[in-house]
Amino acid sequence: MKQKAVLRVSSKLLMPPIMLFALYVQFHGDFGPGGGFQAGVIFAAAFILYALLFGVAQARRVAPGGVIRATLAGGLLLYAGTGVAGLLLGGNYLNYSVLAHDQVHGQHLGILLIEFGVGMTVASAMITIFFIFAGRGRSEIGETGEMGEMGERGE
Amino acid sequence: MAVIGFAYIFLRNLFAVVMLSGMFSLTAAVLYVVMDAVDVAFTEAAVGAGIATVLGLATLGLIGVVNEKPSKRGFIGPFLVVLITGAVLINATLDMPDYGDPDAPIHHHVAPRYIEESGREVGVPNIVTSVLASYRGYDTLGEVTVIFTAACGVLVLLGRSRRRRPEGRMSGQDEGDRRTVAGDGEAAE
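Read top to bottom, the protein sequences are chains V and B.
Taking the numbering used here, the leading residue of the first sequence gets 1, the next gets one more, and so forth.
Taking the numbering used here, the leading residue of the second sequence gets 1, the next gets one more, and so forth.
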């Protein structure tokens, strides 16, 4: 789809607002609808749009597998780690009230951290699954010879 | 939604079915908005209508089958099972309190406490967020773990064979790379 100029240009225009909107949904989840899950999916949608237009191989260079896997695990660890931090500071597991000097601030901080962890994990999970699903067909076509050569050049 | 559901059953073109599932999710999202569940509608629109449709299309591209073959088996047995299950489920809903009934048990358990105390205890204006992230933190941690496990499963099942294939023609450095990836997958499992 590389030769479709309209799609290419309009999607390039769309990608930054999509990511910005994902961050808005992420950090505005305390005040309006939204939160980590939705933000993660929207953030992943920007990458998926990029991969659809420029090919998975190109998108993998933007988001290397190692980085995605690190954020995949890192998000969950951030969530669980926030719980452990509460434990170390003398509260119950996942009790955020002890994270800051007063209860409401601690809750704010805790929710912000765990929502960010959720967002990281969800976004990288979606990106991983899409890359693998979409990338798998490519490499298999690549094996069958001529058509694959064309496919590789197309990317 | 019922119309889309029936179209689902009778269509044989899988491409149209994937598109219909996206439409189904979108109408479901609209339904959630009508019922004032904005957060759920948001998720449904993003995951159901967005990601699921894209993944469905990617799967179609992967398997390369567009038309489902009509099944040769009779439909009486499955139809009876569905009919009986549906009848039992409908029978069960008769015991439920009316929709929006203020005396329903769900409105008397912990919900009033969340609504009354959330502003003072958590201080987050969106009660959905405070319930999800704070009061029900364990549940959300479990959900994130489920998503993490799903991604790990996909990585282990599909990610590895994708790497192994091109490796035959490439240098040893790639082989080492693949081995660490496989190790990662097992460790994560």
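No lab work stands behind these hints: they were computed from the structure.
Among the hints, a few may not be true.
Chain V stretches covered by chain B per the calculated footprint, using a threshold of three residues with CB under 8 Å from any CB of chain B [as the list claims (entries may be wrong)]: (1) 5-17; (2) 21-34; (3) 38-52; (4) 98-109; (5) 122-136.
Where a beta carbon is used, it is the ideal one built from N, C-alpha and C, also for glycine.
Evaluation of the provided hints:
1. With 0 residues bearing a CB less than 8 Å from a CB of chain B, the region 5-17 of chain V misses the requirement of three and the coverage assertion fails.
2. With 7 residues having a beta carbon nearer than 8 Å to a beta carbon of chain B, the region 21-34 of chain V meets the requirement of three or more and the stated coverage holds.
3. Here's how the region 38-52 of chain V fares: 7 of its residues keep a CB closer than 8 Å to some CB of chain B, so the rule of at least three is met and the hint holds.
4. By the rule of at least three residues with a Cβ nearer than 8 Å to a Cβ of chain B, the coverage given for the region 98-109 of chain V holds, with 4 such residues.
5. A count of 12 residues in the region 122-136 of chain V with a Cβ less than 8 Å from any Cβ of chain B is obtained; the coverage claim is therefore met, three being the minimum.
In this structure, only the earlier hint numbered 1 is contradicted, and the remaining ones agree with it.
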